[in-house]
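Here are the chains, one letter per residue:
Protein chains: 2
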Amino acid sequence: MDEFQFIDSIKPKSYTQHSIEKGIGDDAAVFRSMTYDTVTAVDTFVEDIHFSKKTMKFYHIGYRALAANISDMAAMGAEPKFYLVSITIPPGTSSKELQQMYSGMKEIATDYKMDLIGGDTVSGKQLVVCITIIGFVSRGKARYRSHASVGDIVFVTGTLGDSQAGLHILLDDLEVTGQEQFIKSHLMPTPRVQFAQSLQTLNRVALNDVSDGIASELNEIAKASNVNIVIDDAKVPINPHLEQFTKEQQHEWKYFGGEDFELVGTVPPKDWQSLKENAIKMTLDISEIGLVTDNKMKKGQVFLKKENQTHLLIKQGYIHKVGE
Amino acid sequence: MDEFQFIDSIKPKSYTQHSIEKGIGDDAAVFRSMTYDTVTAVDTFVEDIHFSKKTMKFYHIGYRALAANISDMAAMGAEPKFYLVSITIPPGTSSKELQQMYSGMKEIATDYKMDLIGGDTVSGKQLVVCITIIGFVSRGKARYRSHASVGDIVFVTGTLGDSQAGLHILLDDLEVTGQEQFIKSHLMPTPRVQFAQSLQTLNRVALNDVSDGIASELNEIAKASNVNIVIDDAKVPINPHLEQFTKEQQHEWKYFGGEDFELVGTVPPKDWQSLKENAIKMTLDISEIGLVTDNKMKKGQVFLKKENQTHLLIKQGYIHKVGE
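Keeping their order, the protein sequence lines are chains A and B.
Numbering-wise (the working numbering), the first sequence opens with residue 5 and increments by one.
Numbering-wise (the working numbering), the second sequence opens with residue 5 and increments by one.
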């Protein structure tokens, strides 16, 4: 199958979004955003760094890569609308496998009424999937990590650490109770777009999605907002089945595991009740886990209360080295 | 240097475009397009496929990759505004080399008042540079390849084959007259944004940029517009110094070489004079090379008149195989 036949095979037959003026089939795509602000991000997934064919089928590679991008839109309070996919294809990859990857993307794209509007296919040594996502948000309503204020309640949706548990179950071929949910969290996570949309009525929300672990996400919020954050370990929500793993694994995965694609953020206390009600309406768990404070410490830090002690919770986790 | 230090080192200190609401530093970038349509494309460049460190410094890799993307904006009649860069970094790459690559991008971005608003750095086996470009075009004024009509004049800017000549000079360490111009065309091509902008007053223009060679570009226009195109070899513009190469090389490079990033298109005859005057004003060469016809052949084809014969000019050139 040549490049043009392949593009034909994955090209949408029609588009959902009326704002598309030109989709795939010219030098670039064209859309019209009218009264919205446009939100865009790019994320790259490299084989054996971000995913492995040992634990993921091509379908899941596609599904999960786009889910991670959609989650970035949720973290901005935006509705995802379009995506562009550039893939670098190593020798030995069949066009059927590639089509399965695009099917995985299409599956989750359809859930969000998103359209594939462009991309690129090139050859290389290693599978690299580079996704550009574009969404719309009401003018001035993008949710920044710099919007936290002293006195805010810190919240998180869902439970944390599930994706890492799922990865370990797959890697080590474990059998644990409730493993289907952990595996699903890892392979087919649910970005919290609908919940982020329900925050549109609020004046101010600081928001991040849990891609790198909440230790990292909360540090980003604390730094960008120049505040301190204190969270309480006893309140950080986990799936009860996570207790089958060691205490060290639980701690590692819930704070540094990441890839849960839940939302973590801060809101003024007066808005907490309505936010909780929004979550309940969509049967989404939401937990108050701490406070934004003006304690006397250097600003931009995160503290974890655990077993009657307060620790500094640093970004830790996996920080990529860039260059040598 | 870790990921965060590196991003700090390449992050713009300020932005040129007022439409940016949020640049680098959150889950996504935000911009406001007001009365314009938004145009976007993605292009990926892989080491030893699209470029080689033998013929290009890191600075040029960056410059040329962004130039190719800017050229896609020109081909749509759009003004480039923002770019996002995702790089996959192989072992052995220094952060200094990477910064040089970003400097090359910044150099050409500054010429067009463009801003870097996002991106990603990941590790991998091979250098992969994935650029997303975003531009604006007046509402309804995007230039599609489907806009050619019978009777149109076919034109091309500049000269063709220069980039391939430059590549061969670098690869084979040749010494030929005028080689600086060929090398510049290869390493630091000039996208024709200003000329494409000058077409805004015209009602209808079909437009492509010469990324894959005009044989391919004209076939795309003929197919998308469902017309036939006849061009005259004697009129296809080349740099006089190209005649130092063999007749076969000249033919190959001007029709199938590509990467010249000139513009090729069609306009109604009544607009040809003003289009020529626009080009002259900006000291850009422009050539009439043929006509859009309603000859009796199957639609969507391109014909080349050369030495009193008419040949079918097929897409040929390099078509990537996708999957196995």
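These are computed hints drawn from the structure, not numbers from a lab.
Where is the CB? At the ideal position from N, CA and C, for every residue including glycine.
Careful, some of the hints might be misleading.
[Stated by the list, open to error] Computed, partial: chain B to chain A, Cβ under 8 angstroms:
1) T48
2) G122
3) G123
4) G304
Tested hints:
The beta carbon of T48 (chain B) comes within 4 angstroms of a beta carbon in chain A, closer than 8 angstroms, and the hint placing it at the interface holds. The restraint placing G122 (chain B) at the interface with chain A holds, with a minimum CB-CB distance near 6 angstroms, inside the 8 angstroms limit. With a least beta-carbon distance of about 6 angstroms to chain A, the hint placing G123 (chain B) at the interface is held under the 8 angstroms criterion. Against a cut-off of 8 angstroms between C-beta atoms, the interface hint on G304 (chain B) is violated, since the closest Cβ of chain A lies about 13 angstroms away.
Hint violations for this structure: number 4 only, all remaining hints satisfied.
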